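Given these sequences and hints, build the entire structure.
Chains as they are written, first to last, in the numbering used here: chain E, 281 to 371; chain C, 20 to 142.
It should be emphasised that the hints constitute simulated quantities derived from the structure, not laboratory data. Bear in mind that the values here come from a model prediction, so they are computed numbers and not experimental data. Be aware that a few hints might be false.
[Stated by the list, open to error] Only part of the chain E face toward chain C is listed, based on derived beta-carbon distances under 8 Å:
| # | residue |
| --- | --- |
| 1 | 336 |
| 2 | 353 |
| 3 | 358 |
| 4 | 365 |
All residues carry an ideal CB built from backbone N, CA and C; glycine is no exception.
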Amino acid sequence: MSPFLSWIATGCLTALLVTAAACLYRMALGPKAADRAVAFDALANVFIGVICVLCIRWNSALYFDAVWILTLVGFLGSASIARFLERGRVF
Amino acid sequence: MPSPIELVAAGCLVLGTFLMVVTALGLLRLPDVFCRMHAAGKAGTLGVVLLILGAVSALAGTPHDVSIRGVLAVVFQFLTTPAATHLLARAAYVCDYPLSDRTAVDELKAFLPSRPDRVFNQE
Numbered sequence: 281m282s283p284f285l286s287w288i289a290t291g292c293l294t295a296l297l298v299t300a301a302a303c304l305y306r307m308a309l310g311p312k313a314a315d316r317a318v319a320f321d322a323l324a325n326v327f328i329g330v331i332c333v334l335c336i337r338w339n340s341a342l343y344f345d346a347v348w349i350l351t352l353v354g355f356l357g358s359a360s361i362a363r364f365l366e367r368g369r370v371f
Numbered sequence: 020m021p022s023p024i025e026l027v028a029a030g031c032l033v034l035g036t037f038l039m040v041v042t043a044l045g046l047l048r049l050p051d052v053f054c055r056m057h058a059a060g061k062a063g064t065l066g067v068v069l070l071i072l073g074a075v076s077a078l079a080g081t082p083h084d085v086s087i088r089g090v091l092a093v094v095f096q097f098l099t100t101p102a103a104t105h106l107l108a109r110a111a112y113v114c115d116y117p118l119s120d121r122t123a124v125d126e127l128k129a130f131l132p133s134r135p136d137r138v139f140n141q142e
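See below:
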């Protein structure tokens, strides 16, 4: 872990936190359900990125499984919200 | 002086973070839900893929190698995000979500009529 990459990772974490705040703002603002679902999708992507940067920052692969699991969970969330909006039920 | 692999990782991280910031900007500023999906679907996917590749290249060669899991995550990302965005866009269009005032042409109208009997509580 060089100090160069450590500084880059810290800067990226700061920018990603601002991004997460913007996604939360859109999620609270709405105005309707699909806007919130899109913001949730973007927020899941931001958290995947945060986990990747933290893996570099801590020089550890302990949490990297969360990356691909979160990808699948985010897809299931968006797909079920879309089905619910269109049909009024998920299954 | 950082090594070449570190430069690659740093480039991936900076570019991916930039794309995520662009995604947030699009989410905040674009006028309707379909434009916001355009921002979140494309720039968001590429941004997160670049961040994953940055982590893979930074941890390559150390005892904490994540290349297989990283490639798996990239493949899942490219498989799932277009499908999820398409499902959401279809649901939003069928549920009569308003288009922006500046929309010039609505080509989908002839193929995907709205179903008012299927529109449920959308708040």
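Each hint tested on the structure:
1. A cut of 8 Å between beta carbons decides the hint on residue 336/E: the least distance to chain C is about 5 Å, and the hint holds.
2. Among the interface hints, the one on residue 353/E is violated; its C-beta lies about 10 Å from the nearest C-beta in chain C, farther than the 8 Å criterion.
3. Evaluation of the residue 358/E hint against chain C yields a held restraint, the C-beta minimum of about 4 Å falling below 8 Å.
4. Nearest Cβ of chain C to the Cβ of residue 365/E: about 4 Å, under the 8 Å cut. The hint holds.
Hint compliance for this structure: hint 2 is the single one not met.
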